[in-house]
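**Student:** Start from the sequences and build out the full structure, keeping to the hints where you can.
So the sequence lines, in the order shown, correspond to chains A and B. Residues 4 to 502, numbered by my numbering, are exactly what the first sequence covers, in order. Residues 4 to 502, numbered by my numbering, are exactly what the second sequence covers, in order.
No lab work stands behind these hints: they were computed from the structure. All the pointers check out, no bait thrown in.
If chains are identical, the list can't say which one is meant, so a pair holds when it fits in one copy or spans any two.
Derived lysine to any residue pairs resembling SDA-like cross-links, with alpha carbons at most 25 Å apart:
id, residue 1, residue 2
1, LYS40, ALA284
2, LYS18, TYR31
3, LYS495, GLY396
4, LYS18, HIS99
5, LYS495, VAL317
6, LYS40, GLN138
7, LYS40, PHE239
8, LYS495, THR334
9, LYS40, GLU234
10, LYS12, HIS99
11, LYS465, GLU436
12, LYS40, ASP226
13, LYS40, ASP217
14, LYS18, THR62
15, LYS40, THR453
16, LYS40, ARG285
17, LYS40, ARG457
18, LYS183, VAL397
19, LYS40, THR241
20, LYS40, ASN416
21, LYS470, ARG457
22, LYS462, ARG285
23, LYS12, THR62
24, LYS451, ASP217
25, LYS392, GLN137
26, LYS12, ALA108
27, LYS40, ILE211
Just so you know, these numbers come straight off a predicted model, no measurement behind them.
2 protein chains.
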Amino acid sequence: MTIQEALEKLQGYEKATFALNHATGLMYYDGATIAPKGTAELRGSTLGELSRMGYELTTAPETVEMLRTLMENREELDPITRRKAEELWRDYDRTHRVPVEEYVAYQELSAKSDAVWHEAKEKNDFALFEPYLQQMFDASRRMAGYWEPEKAPYETMLSTFERGLTVAQCDAFFASLREKLVPLIQQATAHADRVDDAPLHRNYPVAIQRQFSDFIMDVMDIDRDHCIIGETEHPFTTNFSRDDVRITTHYFADQVASSLYSVVHEGGHALYELHTGRELARTCLGNGVSMGIHESQSRFYENIIGRSRAFCSVLLPWLKEHFPAQLVDVTEEQFYRMVNRSRPSLIRTEADELTYCLHIMVRYELEKQMFAGTITAHDLPAAWNRLYKEYLGVDVPSDREGVLQDSHWANGNIGYFPSYAIGSAYGAQYLLEMQKDLDVEAAVRSGKLTAINRWLEEKIWKYGCMKDPVALFESVCGPFRPEEYVAYLEKKFTEIYEL
Amino acid sequence: MTIQEALEKLQGYEKATFALNHATGLMYYDGATIAPKGTAELRGSTLGELSRMGYELTTAPETVEMLRTLMENREELDPITRRKAEELWRDYDRTHRVPVEEYVAYQELSAKSDAVWHEAKEKNDFALFEPYLQQMFDASRRMAGYWEPEKAPYETMLSTFERGLTVAQCDAFFASLREKLVPLIQQATAHADRVDDAPLHRNYPVAIQRQFSDFIMDVMDIDRDHCIIGETEHPFTTNFSRDDVRITTHYFADQVASSLYSVVHEGGHALYELHTGRELARTCLGNGVSMGIHESQSRFYENIIGRSRAFCSVLLPWLKEHFPAQLVDVTEEQFYRMVNRSRPSLIRTEADELTYCLHIMVRYELEKQMFAGTITAHDLPAAWNRLYKEYLGVDVPSDREGVLQDSHWANGNIGYFPSYAIGSAYGAQYLLEMQKDLDVEAAVRSGKLTAINRWLEEKIWKYGCMKDPVALFESVCGPFRPEEYVAYLEKKFTEIYEL
Numbered sequence: 004m005t006i007q008e009a010l011e012k013l014q015g016y017e018k019a020t021f022a023l024n025h026a027t028g029l030m031y032y033d034g035a036t037i038a039p040k041g042t043a044e045l046r047g048s049t050l051g052e053l054s055r056m057g058y059e060l061t062t063a064p065e066t067v068e069m070l071r072t073l074m075e076n077r078e079e080l081d082p083i084t085r086r087k088a089e090e091l092w093r094d095y096d097r098t099h100r101v102p103v104e105e106y107v108a109y110q111e112l113s114a115k116s117d118a119v120w121h122e123a124k125e126k127n128d129f130a131l132f133e134p135y136l137q138q139m140f141d142a143s144r145r146m147a148g149y150w151e152p153e154k155a156p157y158e159t160m161l162s163t164f165e166r167g168l169t170v171a172q173c174d175a176f177f178a179s180l181r182e183k184l185v186p187l188i189q190q191a192t193a194h195a196d197r198v199d200d201a202p203l204h205r206n207y208p209v210a211i212q213r214q215f216s217d218f219i220m221d222v223m224d225i226d227r228d229h230c231i232i233g234e235t236e237h238p239f240t241t242n243f244s245r246d247d248v249r250i251t252t253h254y255f256a257d258q259v260a261s262s263l264y265s266v267v268h269e270g271g272h273a274l275y276e277l278h279t280g281r282e283l284a285r286t287c288l289g290n291g292v293s294m295g296i297h298e299s300q301s302r303f304y305e306n307i308i309g310r311s312r313a314f315c316s317v318l319l320p321w322l323k324e325h326f327p328a329q330l331v332d333v334t335e336e337q338f339y340r341m342v343n344r345s346r347p348s349l350i351r352t353e354a355d356e357l358t359y360c361l362h363i364m365v366r367y368e369l370e371k372q373m374f375a376g377t378i379t380a381h382d383l384p385a386a387w388n389r390l391y392k393e394y395l396g397v398d399v400p401s402d403r404e405g406v407l408q409d410s411h412w413a414n415g416n417i418g419y420f421p422s423y424a425i426g427s428a429y430g431a432q433y434l435l436e437m438q439k440d441l442d443v444e445a446a447v448r449s450g451k452l453t454a455i456n457r458w459l460e461e462k463i464w465k466y467g468c469m470k471d472p473v474a475l476f477e478s479v480c481g482p483f484r485p486e487e488y489v490a491y492l493e494k495k496f497t498e499i500y501e502l
Numbered sequence: 004m005t006i007q008e009a010l011e012k013l014q015g016y017e018k019a020t021f022a023l024n025h026a027t028g029l030m031y032y033d034g035a036t037i038a039p040k041g042t043a044e045l046r047g048s049t050l051g052e053l054s055r056m057g058y059e060l061t062t063a064p065e066t067v068e069m070l071r072t073l074m075e076n077r078e079e080l081d082p083i084t085r086r087k088a089e090e091l092w093r094d095y096d097r098t099h100r101v102p103v104e105e106y107v108a109y110q111e112l113s114a115k116s117d118a119v120w121h122e123a124k125e126k127n128d129f130a131l132f133e134p135y136l137q138q139m140f141d142a143s144r145r146m147a148g149y150w151e152p153e154k155a156p157y158e159t160m161l162s163t164f165e166r167g168l169t170v171a172q173c174d175a176f177f178a179s180l181r182e183k184l185v186p187l188i189q190q191a192t193a194h195a196d197r198v199d200d201a202p203l204h205r206n207y208p209v210a211i212q213r214q215f216s217d218f219i220m221d222v223m224d225i226d227r228d229h230c231i232i233g234e235t236e237h238p239f240t241t242n243f244s245r246d247d248v249r250i251t252t253h254y255f256a257d258q259v260a261s262s263l264y265s266v267v268h269e270g271g272h273a274l275y276e277l278h279t280g281r282e283l284a285r286t287c288l289g290n291g292v293s294m295g296i297h298e299s300q301s302r303f304y305e306n307i308i309g310r311s312r313a314f315c316s317v318l319l320p321w322l323k324e325h326f327p328a329q330l331v332d333v334t335e336e337q338f339y340r341m342v343n344r345s346r347p348s349l350i351r352t353e354a355d356e357l358t359y360c361l362h363i364m365v366r367y368e369l370e371k372q373m374f375a376g377t378i379t380a381h382d383l384p385a386a387w388n389r390l391y392k393e394y395l396g397v398d399v400p401s402d403r404e405g406v407l408q409d410s411h412w413a414n415g416n417i418g419y420f421p422s423y424a425i426g427s428a429y430g431a432q433y434l435l436e437m438q439k440d441l442d443v444e445a446a447v448r449s450g451k452l453t454a455i456n457r458w459l460e461e462k463i464w465k466y467g468c469m470k471d472p473v474a475l476f477e478s479v480c481g482p483f484r485p486e487e488y489v490a491y492l493e494k495k496f497t498e499i500y501e502l
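**Tutor:** Below, the structure is given as structure tokens:
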């Protein structure tokens, strides 16, 4: 095959794989938002078939020949095509090692497992989910074994979601966080009475919260022609391409900050996807590069920007326009403290910025133990509850508020959680760098996040998957320094809790 | 290939085509309901690719060999497999005559055309849509030429949506309707003051209308675990399988009957799909057999049941529970007359039962002329307006309320409209047959449509595509007798308007 032929083949291959991914993504989105309840099995069957088509396309002899031709001539390719060839080869190299029937069965199992998890969570019935959970861990370990037979499976899973991340790095990172944060959390807890967020739990009608979500998306400068907001049990963002991004949230009448900050968080994911380079669109490079970089965007918007004094000062007047009675007695300073109230708690997605990483550590420890085989799915609830007591000092009253709270394991996203913590920590260094180029506080107080968006687009978003995540981060911030994140948290919460 | 091998291949083929159809269907549904505005081109590209995969699957040598093997041995097959082989062969025989690039381009054009139609309708800008409309007619005629080169293209289109239906039959049917109905409509119009439906145009909050839709779906005994209701500009029903059916409606605060009867109409479509035989599910036989039979279900529920005196007598008290103030002064008899108010009008989907078929005739005439080449898309608005004046006596004030009102042509559903009229007429004969087996009025007055559903399931729904539409209808009602439909309308409207 000539290079020219390979390049033409590549176009057809990209169109076809894009279409299959688009269809698959839409099917997940539909399932997680509006699909009728009794349709999970049907969806699983179709997802299995679509994955079979993807597998057959990726492992077809003519695809392999095309990729081989490109790889053999990679020095002659332009940088984008070269990167595509490398990424697609990597994907082929992983995929073809998995037997097709196992590959399809895994997709079907994931869909089924997700549906059972929904039901189990609703009914607070861990026993219902337990066999699926075990199967998902087993399947995940087996996949890792196929992909990189020479590597420890959990290492493979970690680097699947965050290329380059290792257990050794995570262990060191989490140990340093724990050492510094646990005493700080204990001090803040001892002075819990210094922050009262009762006004955030008054009655905030959901219909008006919905309007406020639209308003916030405007503030974030999110292009609504290419991004909608749906409702779901467990907020997430998905994207079919930079032209079609979907965020979701969940409303509670007595928790106005919950949906508000979930929209800011998911909005961060959406902005990243909406601004990946146009020249990369609908190719394997036209997405956010990794979960860690993705979470570094979403959590940067949610916490470092969204829970900053500057953002609170513009947010409160807007909120008062929508909810005048509920917030009549709240000052700017009170509001800033309220949305930053720190308290060891049960639910990760509702956790405050200070205690958040401890939630991640619980999951990380359990994933390692599951992969090591020292515990099974049956042991997970007790192990979960034990670690929550140990790390956060809280008693878990039900599995629904415990081991059943997250969808990740049900969906096979095992090894994913650490990227949340890494991503959170990255944010502190973004802020330091950003402050060198622009007056971040003034930008936030302007009432539009446009200047911040442009900085991140230029430094990070536009690259899509052109750079590996570590290289991308380092190109912006230099080496990762978790101590910056610890310093950021210490400063912020020492001040809020007057420690 | 042995029969056994062919039967195994058939299973794989069915799973794969089902998955592609499921993904395609979901993508259309999403596009018509919640997708962000700026995503039509993206969706068109993916729909094109999915259709390419379907084409390649259908025309693959191993598929053809499989189908040939089954067809050669069709006498040995069980009735379901035999029917599948015949239908799939027919599908292959049509598909492989169309060049693949033209097939894909047609799918992409449809998606694009639909998006442009939406915009053109919103802006009341026919010129925007005109080139797409012409292209859709041209493409449709070209497709018909490929499918059945020996036949007049419009005949092919008619029988694509209603197998067996011919121009001669339509001409005769419409002529007889026109002869009888036009004088009746003129009489009713002369006594228009005898029915006043002003109370239906008071303020009916959309949020409560939404609740009432859920209530109506319960009355119709629609399984909500497998059927949801969405919102869209132009109500439709779609189904991915008997396990996942989606209906849509559109709410107007000042038109309570509009969404109510659109839900009953779409509910009729949904019931049909939800009750196709379980043994046919996820195969080429697991759908309603034709548009005519489909419309005969939806319009039977909407009009013959839904606008009957019996249904009105149970409906009004329910409505009064939801909207006490709005309907306080309305009696049962008034309500019955209101929802049957007849008036020549502009919008087909809002037309009353008596004048409905004249709207269809306009479209039928124009489709014939477009296919004959005696007019072009450019001429359509004027031709439309002329026929509305001639048939219905109304002046069309804007293209939005005229030629741009329906999505069908934009989507390539050309030759589809006559099935609405045929389907409407079928209903009168269903009623006569049903009355032989059960007390229809008592069944309706019971407040649940279960008995009626069971009758239709047994006679029609469960067969899916096992019988051709004409054979299916005749197995229930004997030969088609349009005069029964005319008699039904004459009796009903003579009484309502006291003619």
